[in-house]
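Chains Y and D, in that order, are what the protein sequence lines are. For the first sequence, this note's numbering assigns the number 28 to the initial residue and increments by one for each residue that follows. For the second sequence, this note's numbering assigns the number 158 to the initial residue and increments by one for each residue that follows.
Treat the hints as calculated values from the structure; they're not laboratory data. Watch out, some of these pointers could steer you wrong.
Stated by the list, open to error - As a list, the in silico DMTMM-like pairs of lysine to aspartate or glutamate whose alpha-carbon atoms are at most 20 angstroms apart:
1) Lys430/Y x Asp467/Y
2) Lys596/D x Asp556/D
3) Lys37/Y x Glu454/D
4) Lys430/Y x Asp453/Y
5) Lys596/D x Asp547/D
6) Lys51/Y x Glu79/Y
7) Lys338/D x Asp359/D
8) Lys596/D x Glu578/D
9) Lys338/D x Asp358/D
10) Lys51/Y x Asp503/D
11) Lys430/Y x Glu454/D
12) Lys37/Y x Glu354/D
All values reported here derive from a predicted model rather than from experimental measurement.
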Amino acid sequence: MTTYDQASWKDEDDDRHEPLLSEKANERVAIEDSPLPDDLTRDSLELPAPAEPALARHYTRLSQMNYGVESGPFPLGSCTMKYNPSFTEDIAARPEAAVHPDRPDRTVQGTLGLCHRLQDYLGRIGGMDAVTLQPPAGAAGEFTGIQIANAYHQHNGDDRSEVLIPDSAHGTNFATAAMAGYSVVELPSGDDGRVDIDALEAAISEETAALMLTNPNTLGLFERDIERIADIVHDAGGLLYYDGANLNALLGQARPGDMGFDVMHYNVHKTFATPHGGGGPGAGPVGVTEALAPFLPDPHVRQRNGEYEYYRPDHSIGKVHGYYGNWPVLVKAFAYITRLGDAGLADASAKAVLNANYLATQIPYEVPFGPFHHEFVASAGEQDAADVAKGMLDHGVHPPTTKWPETVDEALMTEPTEGESLRSLDQLAAAFEAVHDEDDGTLAAAPTRTAASRIDQVRAARSPRLSWQALDSDQ
Amino acid sequence: MTSPYAPHTDAETETMLSAVGVNEIDALFDVPDAVAFDAEFGIPAHGERGARREAAELLGQNADLTEFLGRGHYTHYVPSVVDDLASRSEFLTSYTQYQPEVAQGFLQALFEYQSMLVELTGLDVANCSMYDEATALGEAATLSQRVRSVSGETILVPDHLRDGKRAVLENYADGPGLSVKSYPMADGRVDIAALAETIDDDVALVYAETPTVRGVIEECLADIGVLADDNDALFCLGSDPIALALLERPADVGADVVVGDAASLGMGTAYGFGLGMFVTREEYLRQVPGRLVGASEDNDGRRAYTLTLQTREQHIRKERATSNICTNQAWVALRAAMHAAWLGPDGLVDLAEDCVTRANDLAARLDEIAGVQAPVHSGHHFREFVAHTDQPAPAIVDDLTAEGYAIHAIDDHLIQISTTEVTAEAVDGLVGAIAEVTK
């Protein structure tokens, strides 16, 4: 049984943790004698000015009050918090990789060559004919894919107004469709947790631009009827969009292109092990079939006469990032894929699926749907899933994603990834077990061993204080 | 080969399989035969050293040039302490702070980042990042549609906007049915009279930049603010944190939203990899896209930080969210904040002043070369300037490339040169090379 005490720097005199930089070392400088006339400059600037040793200590302490994949198990469902190999950082930091985006193509053949190779690798992995690397995150990839679908229909003189999305889908799917100007039609899941074919047939129409689907879905279940689903969507003239969030379940086992998907995004920060960086950066390359390739973002990399070059695809949707996307992240993904190759990638998915299935047998919570793959959704039953999560924090593990998808009561969406050993899975199971046996009062008071104890969310939202300036004015 | 990052021994795999009750891992995959993949990707595996060599060989094909490039992506020296601290795995390998009790460190760092942007802009609310400046501008455009005091469906941008930025904006404008139109620039900056003639009631948002894409410091920002106000439009200003350390505060010129690329702090040159800055007024708080870190209290009565106002976001509000953004650029924001703190206000202002004087000095030196007039625009410059060349600009750029220098050609006889962290020797070298190739 593992317990955990997170480092916690407390300032007992002022009821706070580590003071803000502004509370340690703020300085106001007046702008005078600048090379610009006074009417073009500000009067003064007040910002922290810590000496480097104080700066280093500040951020080291903050890092100690944070938890990453290298700290302990991180089975956050749908987020694929796998280990991020260190060597990929060294590759991304190479000085030759640090070039300006406006350099002529012929002076950045290495950069374009790497992009071209990564486009090719991702195409093979997803079963797609062409891949753009430009979208800077998964949601940006969704936006790109739906804009491509939109442009494709428009090009065919086909004005469609709806996007179909299962009720268990990621929130980004709904928001993306709305951002692209579509009405969202939500599909209720069937009793088995998968797409309800009758509901799909009832919803599909000449207005359907696309069906956005995650496979395996957010319950970890493979959509067994995927061929039929693809036929229904295609027969109605719609396109099938693959949300790549769960691709870590399928490497080497199945490919979206072979299932009938027309367009997909890859979350390289999930499947291809680039670090999540506390919320980003990620990258969300988009793969398409040959029919959709002319609509890819501008520019796209191709090889011609032995040289790599950018070109604008014939019916390009334009751009989704000011330059070429999140380049350093793409370099890390390239490095990871190059390291693992065919067999390593397939083994990653195999072990991810094994880990999820093993863990599910070791925890005291019921898992209502199966067979699942790289993640499962357990139900906390009579307990509050949010409290379960807080309780688990005291056992040195990061908790699962909670209360989502809503198709499971008090959901605990759990994705251990391939990176956890048998020993750490058992530690994780012990944390579930301990919290399961805890009384509600104790759980409501959890966590107690983390840097901060339970945080008042209502207070944060009721009177938002979003900067140190707002703290000064309120208190 | 197995994945080097899956730690299972064969014995452990057996133990786990028997606990699950199957004989082999393949039995766990519920994939119908018809869609099962039974071929190979054809991607060879490598040892770590081999993978590094593979990437190094590829990247080594990039030409080694001294860059005097800018136009939106800038090189500034990033101190080692930023790399060192930001690489700490508790930061780098963490996730979005859905469990704030165990993520106080990153939340505090993002809260500090937001606060720095509030000071630099004089506005009230900064989010903790968008992807880049172009997408932040796109989000500003859609925000203008959700703000009640604003009407109209036109987004007005300068005609000298970077193509990439405009193309991204067009995609964001597409869904809500906005049209993007341009107003004229003159002498590298906003032609305020022409803008006054262009703007009308149908304009929801006016966008301007300082410094402009040609490096000119905008002098009529307050007039733009008044014009926007008079037409019930939002005024969105594009800038960056280094320029804002010295230039007029956006709040003082009537800006409603400030966007920009804050990766000029903390990242250095990274092939356009950015950090979208998004700062606005308190009255638009509920319409802000992306994540916000706020202060609250924990059970022990201590100040603590958490993501807040999440009902704006896609994971709660779905199709009614303010944006679809989920993954953002948090780690880049962490780096930018570290860099800003390392510089301090004195260092930031000095750096900004250097951006003015270096551009001036280099322009003056180039102007002495026969066949080169620099700068072509009047007024003050920041980091970069445009020069006229009697000889064709593309040929000059080609010749300079052969000499080991990279600059922009922006028109038949216009070049653009950016001076950020280049050394005096590099500047001397460039001046000599330009003198040589324009002979």
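Right, here's what the structure says about each hint:
1. Lys430/Y x Asp467/Y: Holds: Lys430/Y and Asp467/Y sit about 17 angstroms apart, inside 20 angstroms.
2. Lys596/D x Asp556/D: Since the Cα atoms of Lys596/D and Asp556/D sit roughly 12 angstroms apart, the hinted pair holds (cutoff 20 angstroms).
3. Lys37/Y x Glu454/D: 13 angstroms, holds
4. Lys430/Y x Asp453/Y: Judged against 20 angstroms, a Cα distance of about 23 angstroms means the pair is violated.
5. Lys596/D x Asp547/D: 10 angstroms, holds
6. Lys51/Y x Glu79/Y: 13 angstroms, holds
7. Lys338/D x Asp359/D: 11 angstroms, holds
8. Lys596/D x Glu578/D: 28 angstroms, violated
9. Lys338/D x Asp358/D: 14 angstroms, holds
10. Lys51/Y x Asp503/D: Holds, at about 16 angstroms.
11. Lys430/Y x Glu454/D: Violated. Lys430/Y to Glu454/D sits at ~23 angstroms, over the 20 angstroms cutoff.
12. Lys37/Y x Glu354/D: 58 angstroms, violated
Violation of the numbered hints given earlier is confined to hints 4, 8, 11, 12; the remaining hints are satisfied by the structure.
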